[in-house]
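Novice: So the chains spell out like this:
There are 2 protein chains.
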Amino acid sequence: MRDLSHDRALLSINSMTVKAWSLVELVEGCARAGLSAISPWRDIVQACGAERAGKLIRAHGMTVTGLCRGGMFPAADEASRRAALDDNRRAVDEAAAIGAQCLVLVVGGLPQGSRDLDGAHLQALHALLPYARQARVPLAIEPLHPMYAADRACVNTLAQANDLCDELGEGTGVAVDTYHVWWDPDLKREIARAGEKLLAYHVNDWLVPTTDLLLDRGMMGDGVIDLRAIRALVEAAGYRGHCEVEILSANNWWKRDPDEVLRICIERHQTMV
Amino acid sequence: MRDLSHDRALLSINSMTVKAWSLVELVEGCARAGLSAISPWRDIVQACGAERAGKLIRAHGMTVTGLCRGGMFPAADEASRRAALDDNRRAVDEAAAIGAQCLVLVVGGLPQGSRDLDGAHLQALHALLPYARQARVPLAIEPLHPMYAADRACVNTLAQANDLCDELGEGTGVAVDTYHVWWDPDLKREIARAGEKLLAYHVNDWLVPTTDLLLDRGMMGDGVIDLRAIRALVEAAGYRGHCEVEILSANNWWKRDPDEVLRICIERHQTMV
Numbered sequence: 263m264r265d266l267s268h269d270r271a272l273l274s275i276n277s278m279t280v281k282a283w284s285l286v287e288l289v290e291g292c293a294r295a296g297l298s299a300i301s302p303w304r305d306i307v308q309a310c311g312a313e314r315a316g317k318l319i320r321a322h323g324m325t326v327t328g329l330c331r332g333g334m335f336p337a338a339d340e341a342s343r344r345a346a347l348d349d350n351r352r353a354v355d356e357a358a359a360i361g362a363q364c365l366v367l368v369v370g371g372l373p374q375g376s377r378d379l380d381g382a383h384l385q386a387l388h389a390l391l392p393y394a395r396q397a398r399v400p401l402a403i404e405p406l407h408p409m410y411a412a413d414r415a416c417v418n419t420l421a422q423a424n425d426l427c428d429e430l431g432e433g434t435g436v437a438v439d440t441y442h443v444w445w446d447p448d449l450k451r452e453i454a455r456a457g458e459k460l461l462a463y464h465v466n467d468w469l470v471p472t473t474d475l476l477l478d479r480g481m482m483g484d485g486v487i488d489l490r491a492i493r494a495l496v497e498a499a500g501y502r503g504h505c506e507v508e509i510l511s512a513n514n515w516w517k518r519d520p521d522e523v524l525r526i527c528i529e530r531h532q533t534m535v
Numbered sequence: 263m264r265d266l267s268h269d270r271a272l273l274s275i276n277s278m279t280v281k282a283w284s285l286v287e288l289v290e291g292c293a294r295a296g297l298s299a300i301s302p303w304r305d306i307v308q309a310c311g312a313e314r315a316g317k318l319i320r321a322h323g324m325t326v327t328g329l330c331r332g333g334m335f336p337a338a339d340e341a342s343r344r345a346a347l348d349d350n351r352r353a354v355d356e357a358a359a360i361g362a363q364c365l366v367l368v369v370g371g372l373p374q375g376s377r378d379l380d381g382a383h384l385q386a387l388h389a390l391l392p393y394a395r396q397a398r399v400p401l402a403i404e405p406l407h408p409m410y411a412a413d414r415a416c417v418n419t420l421a422q423a424n425d426l427c428d429e430l431g432e433g434t435g436v437a438v439d440t441y442h443v444w445w446d447p448d449l450k451r452e453i454a455r456a457g458e459k460l461l462a463y464h465v466n467d468w469l470v471p472t473t474d475l476l477l478d479r480g481m482m483g484d485g486v487i488d489l490r491a492i493r494a495l496v497e498a499a500g501y502r503g504h505c506e507v508e509i510l511s512a513n514n515w516w517k518r519d520p521d522e523v524l525r526i527c528i529e530r531h532q533t534m535v
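If you read the protein sequences in the order shown, they are chains D and U.
For the first sequence, the residue numbers in the working numbering are 263 to 535.
For the second sequence, the residue numbers in the working numbering are 263 to 535.
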């Protein structure tokens, strides 16, 4: 396993961890903290303008470990389906403009009125893939925790994401987020199976108690996830990329000074991840 | 598939659905509604006294589809481990006293300070099993939704529960609760695998949005679960038992008149389950 105890080079900050910051503030704040990798959500890229964001990122020599996020495909009718595809193509363009290593995809929940888990996502992925391949933007399918199965993603295990990659082929891979997968009894097998398809690795923690289904994630070390064990699996599978901190936390981390949040991210990256 | 459109005989009411009621009120309320099956939690059985509860239940000709619940095994030290085992033996005694068809087990979360998912539960089940076999009380292992992996159950898929049954053998089976398993991509395979080990079938629904991790379950038909499809799987696997309604709902169903809740349970049992 890689020694992170003095590392800053392998730490990436997802913009959702420091939600108050714009893209400019994120880039400058990370640079100030001695960090060189970010992963923005689309909202701050769009607010900045993707071309301008790309220039700024390149000027600071930042690595972009991913753009969050495309997907949310399921649609009730043909017009919504087309609108979703168009929006995902724009996400590919934005990812290309900022040099993101991948576009993270959350495949979406069930279409309105549907109770059919199986049929909800595959067609849309097939439709997007040629465009993403042409733009040389790998699509990283992120399984979300089963508690998001109804409204955010009906891909809820790494096994499902790996199955999708097998079906879709070149240009696809997976994003593994410890928050979403830590409970999975098949995690070891499926991380090994993912292998070089591991495009992104997100870290954070599961708090006990968890008071909100969406916005109560924990800082690494504050919860129950055996982060060291999962990183060992990921690295044994060949992953050499960044550890990206993505923490949605309305009542704690979002209320703090982002510079302080970054300082703690670095400390926990070096001691708990 | 069995036709439930005029059925009351296959509907069982879990006491948590009408939380305000004592055991006496549960038995009398169900009898009033033309129902003949209940599944109490231990608190109301203990408040009534298990022997007296058994007499009352027999006097009303009620079927007891399960006693909820034993388990919660993991303990930080030897004294707590023994206390947990003693308490589970008392649960077996109570189940026998009220003639419960099974004792539903929730295996518990991680022991304090532990991040080892794998080692947390098996030893305790092995310790309890001889006692339960002697009392002729089948143990129904209930996988809980992965969002309870940290603090309530580290058995989070039906596959894990089936694996445990394979390892433990005679006297064990599974309880399938739609709320906990509906999202599982392996559900069809694992229900078929469970077969005659299916000891209990619990119904309810997953609301969108869900506002609380524990106490915001929905009435059948109010959420996104394809209940008819899951019952088809369960019956195809050979299950001929009751559909037990278990709804934990602090802000809705617990605030209503229990007689009205029962009336709606019956209506939804006949139309949505």
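Just so you know, the hints here were simulated from the structure itself, not pulled from any lab data.
Among the clues, some could well be false.
Simulated restraints on C-beta separations [to be verified]: (1) U:L384 x D:A293: 48 to 56 Å; (2) D:G500 x U:A512: 26 to 34 Å; (3) D:E497 x U:E429: 27 to 35 Å; (4) U:A491 x D:A397: 58 to 66 Å; (5) U:G457 x D:A491: 33 to 41 Å; (6) U:R344 x D:A309: 57 to 65 Å; (7) U:D428 x D:A293: 49 to 57 Å; (8) D:N514 x U:A293: 45 to 53 Å; (9) D:A293 x U:R490: 50 to 58 Å; (10) D:E497 x U:R314: 30 to 38 Å.
In silico SDA-like pairs for lysine to any residue, Cα to Cα no more than 20 Å straight-line [stated by the list, open to error]: (11) D:K450 x U:D448; (12) U:K459 x U:L391; (13) D:K450 x U:L391.
Listed next, the stretches of chain U that the computed footprint assigns to chain D, with coverage defined by at least 3 CB atoms under 8 Å from CB atoms of chain D [said to hold, decoys possible]: (14) 325-339; (15) 347-358; (16) 443-453; (17) 508-520.
Ideal placement from N, C-alpha and C gives every residue a C-beta, glycine not left out.
Novice: Decide, hint by hint, whether the structure agrees.
Specialist: Checked hints:
Checking the proposed 48 to 56 Å range against U:L384 and D:A293 shows it holds: the Cβ atoms sit about 50 Å from each other. Judged by the Cβ atoms, the range 26 to 34 Å given for D:G500 and U:A512 is violated: they are separated by roughly 47 Å. Under the hint 27 to 35 Å, the C-beta atoms of D:E497 and U:E429, about 31 Å apart, fit the expected range. Take U:A491 and D:A397: their Cβ atoms lie about 39 Å apart, and the range 58 to 66 Å is violated.
Range check, U:G457 to D:A491: Cβ separation about 34 Å, and the 33 to 41 Å hint holds. Separated by about 59 Å at the C-beta atoms, U:R344 and D:A309 satisfy the suggested range of 57 to 65 Å. Between U:D428 and D:A293 the CB atoms are about 55 Å apart, so this pair conforms to the stated range of 49 to 57 Å. Separation of D:N514 from U:A293 is about 50 Å and conforms to the stated range, judged on CB atoms against 45 to 53 Å.
Taking 50 to 58 Å as the suggested C-beta distance range, the pair D:A293 and U:R490 conforms, at roughly 56 Å. Look at D:E497 against U:R314: about 60 Å separates their beta carbons, and that is not inside 30 to 38 Å. Distance restraint check for D:K450 and U:D448: the Cα-Cα separation of roughly 17 Å lies within the 20 Å cut-off, and the hinted pair is therefore satisfied. The straight-line distance between the Cα atoms of U:K459 and U:L391 is roughly 15 Å, inside the 20 Å bound, and the hint therefore holds.
A distance of roughly 30 Å separates the Cα atoms of D:K450 and U:L391; the hinted pair therefore is violated under the 20 Å criterion. Under the rule that three or more residues need a Cβ within less than 8 Å of chain D, the assignment of the stretch 325-339 of chain U is violated, with 0 such residues. Residues of the stretch 347-358 of chain U with a Cβ under 8 Å from some Cβ of chain D number 0, which does not satisfy the need for three, so the listed coverage is violated. Coverage of the stretch 443-453 of chain U by chain D holds. Counting CB-CB distances below 8 Å, 4 residues qualify, and the rule asks for three or more.
Residues of the stretch 508-520 of chain U lying with their CB closer than 8 Å to a CB of chain D number 0, which falls below the three-residue condition for coverage.
Checked against the numbered hints above, the structure violates hints 2, 4, 10, 13, 14, 15, 17; every other hint is satisfied.
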